[in-house]
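Please build the complete structure, drawing on both the sequences and the hints.
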Amino acid sequence: MTPGSRRYLHPEAIARIARLELRARAVVEGVLAGLHKSPYKGQSVEFLQHREYVRGDDLRRVDWKVWGRQDRFYVKEFEEETNLRVTLVVDGSASMNYASGPLGKYDYAATLAASLAWLALSHGDAVGCSVFDDKIRASVPPRTKRSHLASVVEVLETPRTGRPTAFMPVLRSLAETLPRRGLVMVISDLLGDRDGVFQGMQLLRKRGHDLVLLHVMDDDELDFPFEGPTRFEGLELPDALACNPRSLRAGYLAAVEAFLADVRTRAAAVRCDYSLIRTGEPVDAALVKFLARRASMAV
Amino acid sequence: MPTFDFLPLLWWGLPFVAAPVIIHLINLLRHRKVPWAAMEFLLASQRKYRTQVLLKQLLLLLLRVAAVLGIVLALAQPRWKSALGRMLGGARTEHVVLLDDSYSMGDLSAEGRLGDTRCFDRGRLVVERICTELAAVQGQQEVAIGRFSAFDEKGSAAVDRPAGTAVEAQAAQQGFDIRLQPVTPRLVQEVRDDLAGRSPSAVASGPRGAVAAAAGVLGGGTGAANVIWLISDFRFKDWKAADETAGLLRQLSDAGCEVRLVDCAAEGGDGRQPGNLTVERLEMAGGVPATGVLVPLEVAVRNNTDRPVRDVAVELREDALGRPGVRIAEIPAGGVGTQRFDVRFTKSGPHLVEATIPADAVAADNTRTMAVDVVDRVDVLLIDGDPTGGGRAGDAFYVATALAPGAGAPTGLRPRIEPPRSLATLDLASFDCIWLLDVERLDPPEVAALEAYARAGGGVVFFTGPRTKAEVVNRMLHRGGDGLFPVPLAGPVDLLPDAAGAAAAPDVVVEEHPVVAVLSGQRNPLLDAVRIERSMAVERGFEPAATSGLRRLLSLRSGGPLVVERPYGDGMVVAVLSTAAPTWNNWARGNPSWVVVMLELESHLARTRRRAESLEVGEPVSVRLDAAVDEIEVDIAVPPDGTLVHQTAEASPAGGLEATLAETSVAGGYTARWRRLDGTERERLFAVNVAADEGQLERIGRERLDRVLAGVAFKYDRAESLEPDTTTLAGVPLVKPLLYLLAAVLILEQVLAYSASYHAAPRRKSVA
Numbered sequence: 491m492t493p494g495s496r497r498y499l500h501p502e503a504i505a506r507i508a509r510l511e512l513r514a515r516a517v518v519e520g521v522l523a524g525l526h527k528s529p530y531k532g533q534s535v536e537f538l539q540h541r542e543y544v545r546g547d548d549l550r551r552v553d554w555k556v557w558g559r560q561d562r563f564y565v566k567e568f569e570e571e572t573n574l575r576v577t578l579v580v581d582g583s584a585s586m587n588y589a590s591g592p593l594g595k596y597d598y599a600a601t602l603a604a605s606l607a608w609l610a611l612s613h614g615d616a617v618g619c620s621v622f623d624d625k626i627r628a629s630v631p632p633r634t635k636r637s638h639l640a641s642v643v644e645v646l647e648t649p650r651t652g653r654p655t656a657f658m659p660v661l662r663s664l665a666e667t668l669p670r671r672g673l674v675m676v677i678s679d680l681l682g683d684r685d686g687v688f689q690g691m692q693l694l695r696k697r698g699h700d701l702v703l704l705h706v707m708d709d710d711e712l713d714f715p716f717e718g719p720t721r722f723e724g725l726e727l728p729d730a731l732a733c734n735p736r737s738l739r740a741g742y743l744a745a746v747e748a749f750l751a752d753v754r755t756r757a758a759a760v761r762c763d764y765s766l767i768r769t770g771e772p773v774d775a776a777l778v779k780f781l782a783r784r785a786s787m788a789v
Numbered sequence: 012m013p014t015f016d017f018l019p020l021l022w023w024g025l026p027f028v029a030a031p032v033i034i035h036l037i038n039l040l041r042h043r044k045v046p047w048a049a050m051e052f053l054l055a056s057q058r059k060y061r062t063q064v065l066l067k068q069l070l071l072l073l074l075r076v077a078a079v080l081g082i083v084l085a086l087a088q089p090r091w092k093s094a095l096g097r098m099l100g101g102a103r104t105e106h107v108v109l110l111d112d113s114y115s116m117g118d119l120s121a122e123g124r125l126g127d128t129r130c131f132d133r134g135r136l137v138v139e140r141i142c143t144e145l146a147a148v149q150g151q152q153e154v155a156i157g158r159f160s161a162f163d164e165k166g167s168a169a170v171d172r173p174a175g176t177a178v179e180a181q182a183a184q185q186g187f188d189i190r191l192q193p194v195t196p197r198l199v200q201e202v203r204d205d206l207a208g209r210s211p212s213a214v215a216s217g218p219r220g221a222v223a224a225a226a227g228v229l230g231g232g233t234g235a236a237n238v239i240w241l242i243s244d245f246r247f248k249d250w251k252a253a254d255e256t257a258g259l260l261r262q263l264s265d266a267g268c269e270v271r272l273v274d275c276a277a278e279g280g281d282g283r284q285p286g287n288l289t290v291e292r293l294e295m296a297g298g299v300p301a302t303g304v305l306v307p308l309e310v311a312v313r314n315n316t317d318r319p320v321r322d323v324a325v326e327l328r329e330d331a332l333g334r335p336g337v338r339i340a341e342i343p344a345g346g347v348g349t350q351r352f353d354v355r356f357t358k359s360g361p362h363l364v365e366a367t368i369p370a371d372a373v374a375a376d377n378t379r380t381m382a383v384d385v386v387d388r389v390d391v392l393l394i395d396g397d398p399t400g401g402g403r404a405g406d407a408f409y410v411a412t413a414l415a416p417g418a419g420a421p422t423g424l425r426p427r428i429e430p431p432r433s434l435a436t437l438d439l440a441s442f443d444c445i446w447l448l449d450v451e452r453l454d455p456p457e458v459a460a461l462e463a464y465a466r467a468g469g470g471v472v473f474f475t476g477p478r479t480k481a482e483v484v485n486r487m488l489h490r491g492g493d494g495l496f497p498v499p500l501a502g503p504v505d506l507l508p509d510a511a512g513a514a515a516a517p518d519v520v521v522e523e524h525p526v527v528a529v530l531s532g533q534r535n536p537l538l539d540a541v542r543i544e545r546s547m548a549v550e551r552g553f554e555p556a557a558t559s560g561l562r563r564l565l566s567l568r569s570g571g572p573l574v575v576e577r578p579y580g581d582g583m584v585v586a587v588l589s590t591a592a593p594t595w596n597n598w599a600r601g602n603p604s605w606v607v608v609m610l611e612l613e614s615h616l617a618r619t620r621r622r623a624e625s626l627e628v629g630e631p632v633s634v635r636l637d638a639a640v641d642e643i644e645v646d647i648a649v650p651p652d653g654t655l656v657h658q659t660a661e662a663s664p665a666g667g668l669e670a671t672l673a674e675t676s677v678a679g680g681y682t683a684r685w686r687r688l689d690g691t692e693r694e695r696l697f698a699v700n701v702a703a704d705e706g707q708l709e710r711i712g713r714e715r716l717d718r719v720l721a722g723v724a725f726k727y728d729r730a731e732s733l734e735p736d737t738t739t740l741a742g743v744p745l746v747k748p749l750l751y752l753l754a755a756v757l758i759l760e761q762v763l764a765y766s767a768s769y770h771a772a773p774r775r776k777s778v779a
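Keeping their order, the protein sequence lines are chains W and Z.
So for the first sequence, the numbering used here puts the first residue at 491; every next one is plus one.
So for the second sequence, the numbering used here puts the first residue at 12; every next one is plus one.
Check the hints yourself; a few may be wrong.
[Stated by the list, open to error] Label pairs and their computed distance ranges (CB to CB): (1) Leu752(Z) / Ala782(W): 57 to 65 Å; (2) Gly652(W) / Leu752(Z): 52 to 60 Å; (3) Lys59(Z) / Lys779(W): 31 to 39 Å; (4) Lys635(W) / Ala764(Z): 55 to 63 Å; (5) Arg662(W) / Lys59(Z): 30 to 38 Å; (6) Leu66(Z) / Arg761(W): 42 to 50 Å.
[Unchecked claim] Pulled from the structure, derived: some chain W residues nowhere near chain Z, Cβ distances all over 10 Å: (7) Arg545; (8) Gly546; (9) Arg551; (10) Trp557; (11) Gln560; (12) Gly591; (13) Lys595; (14) Pro631; (15) His699; (16) Gly718; (17) Thr720; (18) Leu727; (19) Thr755; (20) Arg756; (21) Ala759.
Hints in this document: simulated from the structure, not taken from any laboratory.
Note that beta-carbon positions come from the ideal geometry of N, C-alpha and C, so glycine has one too.
Printed below as a string of structure tokens:
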């Protein structure tokens, strides 16, 4: 990642890009510029069968040896080979609506998801995506086509209902529907049914999925910088609290600290790769950090 | 109780104290709404810290209220008045300034020599300075100014304790030059103008009267703070036994009144005061104040310094005309020097004699006057007990001859020989002295008239003799000591000849007494020649009461008394226990000492009647009138310029009419003139002098003052180094401590606010 890309990939800069696809491209190209030589090299296929040529087939795929022996045009069909089936599970509940900066938590999560999808597709991996709240609101199965990114983005841009989160039914549903083992990346603020998150992830783990939990939290939620009389109204909970936030800050931070410690512990228990990402952090930086850590784990 | 220099600012500012509360309430209504995802953490914090947060908020609110209050108070310039009595008094302070104007305040001495500034001038400047400072002090300062002399009599009679009510306090203000009123620049000018025209008075008033009057003014129930200022020279004679003054000051001090003493006397340069001499006395030293008669006068000068003074010139004036002065050779330190001189008055009527010594530290006591009412002849009544008159061998002849020897030796006396019965009919008051010569008996009206005369200050002389009956004298005149006659008589006894013959001791022994002082000392040949053959013996076993005042003038060789005296009322009675004529003795026969002793005796007995003419400054001048012969309108010429003060005689408590000039403020001769009903004019002269002891300039000093005023919380300043200390007058300013407190409150508020607020800088504090 060049310094220039870092400069331009601040959340504010990313936010100015209206389309999620373009946002993802901007992020990933910045990332790739530093991490990869070329995503198009070393591509390999496994022969599956011959079939008779029909008009429109790519002449490059005609098996000329068979034509020489049988004088008939056959084209080679290869089984598509992918290293990974990535399923992006993005929390679209009401709590993800909070935004202290230009990018709200959901926007940040969506950008992150789109960027990951772009990366995966760039590597020829299959990418699927689901957006959920108390159930899966939109979904697209894993595909390897690069054009599949548009489908992923389309899912991420699905209008949200403002419902609270219900992790367990969603993750159970995913565990049942995902046909093959793959990488499941859950992007959420984890506010809501915390037990449900890890029970659901336990299910996915049992199905052999590799699990990544990207915990997105707003800077405000981590720093609680509020001053002056404030009335906090719950995005998911029905409660409201009028208070002087300065006086509650210490207790709030302690509670958040306890929450994060619990999440880390439970994530480790289900062998889930957990990362906490602040929305104030540039998306590309968060992505690089995450990928670098994954790379180091792979070694 | 705090008071405020800018009280209106306090009232305007107090509503702002509610500002933090109002802002807090407004903020409660102006909550910013934040849709919040992580409510569970917030609710957990709120559950945990609710009480602490409430307390902290409350404390913060209180601190902010305190801070605003502190600012408002600081702007209002608070001051602290400590006394409990000021709890209800607000910012008002009442000052009573008492300026000593006794004549010792005219002391010019400074640093051991005579200067040109009097103590009074320094005191006057102190008063002006106090008023000026008070005018500059914020807050209501009230002042009353009075002088010691104004309370010389009135003050002592007015109030002896702090007034209980405002009405009493108001009434007690009589006599003050400036009555209690707020100090304004205009008043300061008024005080300055008033004091500029004042000088030390001629009175010797001490502080008691003034302090008593001040006590009446202060503590009138107004609850204001009180300060009493005593501006004086603090002379030892005024303060050595000032128990009453100290008691009054103690009462004031205990009641919370601040007592400030300002010493105006100059410091002695070498510890020695320049000489101050006082003409202490000027009076007749015997003699008869009659025309053409040499009247012996005596002037006494007291040396009030700690070193002897030599060759003091005394300038004399008679009726404002100078006459040859006299010199006193030496006056010991602290002692008195006297000098006699003779005056011969050529005209009858009142005369004023004035003695003046050279100028010294205090001018007022350098002059003393004496009024002498000179008559052509002084009538002396001789009651002759001899019904035949006795002729040239009778007692009356010898006494009359001694009192009025003849034209060659004028004594001014005019003896009048009358029988005993005339005692009841004559106006005895017109006689200088009454002599009773071997009277056989007196009737009760005659005894009563004689006793009234003696009780009123007259002098009576009894001579005994062959007609004198001891039993009658004891019953009618002695009456067991209640009557006129000094001793009870036993009867005539002969003085037996001395066994030693002519060379033996004289018959008469001179005792210590001014009348016979001329005969005392060495053996006097004149007295040695006196032979007493018979005398009247005193009753055996007679022991006079210790308080009777009985005194011997002459005794007999045998030890018995010959001449005795005893006071009776205001007068004096002398009993000669032998005859005047050479019947029982040879004293009157050709012996000059007879004449001398008789004249001295006459002067001695008449002195009491002549003494009352000298008055002290401050005492009233009273002229007694006889309604039967005098008109009631009296003009009194007051010194020094003879201003006439008209007085109308009124009935006096003692009976008769009396015209009184109530106040004499200047020393000198006061002349009263009135008409008689027959159209003739009468005149009487009164000599009014300063009190001699005021000329004693010894100061009490701080140490002795501390002892005298033990228990009084007072502050002592020298006039030249006085700091009126307006901050103390107005109370201790609280602005500085208040600002410190305010700073502490603000710091505490900031600390508390900081602890309760979010600060972005320490990033590591945040989670993750």
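Structure-based check of all given hints:
1. Checked against the given bound of 57 to 65 Å, the beta carbons of Leu752(Z) and Ala782(W), roughly 59 Å apart, stay inside it.
2. The given range of 52 to 60 Å is respected by Gly652(W) and Leu752(Z), whose C-beta atoms sit roughly 55 Å from each other.
3. A C-beta distance of roughly 34 Å is found between Lys59(Z) and Lys779(W), which places it inside the suggested range of 31 to 39 Å.
4. For the pair Lys635(W) and Ala764(Z), the supplied restraint of 55 to 63 Å holds, since their beta-carbon distance comes to about 60 Å.
5. Arg662(W) and Lys59(Z) have their C-beta atoms about 35 Å apart, which keeps the hinted 30 to 38 Å range intact.
6. A hinted range of 42 to 50 Å for the beta carbons of Leu66(Z) and Arg761(W) is consistent with their spacing of about 47 Å.
7. The claim that Arg545(W) is not at the interface with chain Z holds, since no C-beta of that chain comes within 10 Å of its own (minimum 57 Å).
8. Non-interface call for Gly546(W) relative to chain Z: holds, since the shortest CB-CB distance, roughly 52 Å, exceeds 10 Å.
9. The claim that Arg551(W) is not at the interface with chain Z holds, since no C-beta of that chain comes within 10 Å of its own (minimum 52 Å).
10. Trp557(W), annotated as away from the interface, keeps every beta carbon of chain Z farther than 10 Å; the closest lies near 64 Å.
11. Look at Gln560(W): its CB is around 66 Å from the nearest CB on chain Z, clear of 10 Å, so calling it non-interface holds up.
12. Gly591(W), annotated as away from the interface, keeps every beta carbon of chain Z farther than 10 Å; the closest lies near 14 Å.
13. Listed as a non-interface residue, Lys595(W) fails to keep its Cβ farther than 10 Å from every Cβ of chain Z; the least gap is roughly 8 Å.
14. For Pro631(W), the requirement that its beta carbon stay farther than 10 Å from each beta carbon of chain Z is met, with the minimum near 30 Å.
15. At roughly 26 Å, the least C-beta separation between His699(W) and chain Z is larger than 10 Å, which holds for a residue marked as non-interface.
16. Chain Z draws Gly718(W) into its interface by the beta-carbon criterion, the shortest separation being 6 Å against a cut-off of 10 Å.
17. At roughly 5 Å, the least C-beta separation between Thr720(W) and chain Z is not larger than 10 Å, which violates its mark as non-interface.
18. The beta carbon of Leu727(W) is not kept farther than 10 Å from every beta carbon of chain Z, the shortest such distance being approximately 5 Å.
19. With a closest Cβ-Cβ approach of about 15 Å to chain Z, Thr755(W) is found to remain outside the 10 Å limit, as its non-interface label requires.
20. Against chain Z, the non-interface label of Arg756(W) holds: every CB pair exceeds 10 Å, the least being about 16 Å.
21. The Cβ of Ala759(W) sits about 20 Å from the closest Cβ of chain Z, beyond the 10 Å cut-off, so the non-interface label holds.
In the structure shown, a violation is registered for the earlier hints numbered 13, 16, 17, 18, in ascending order.
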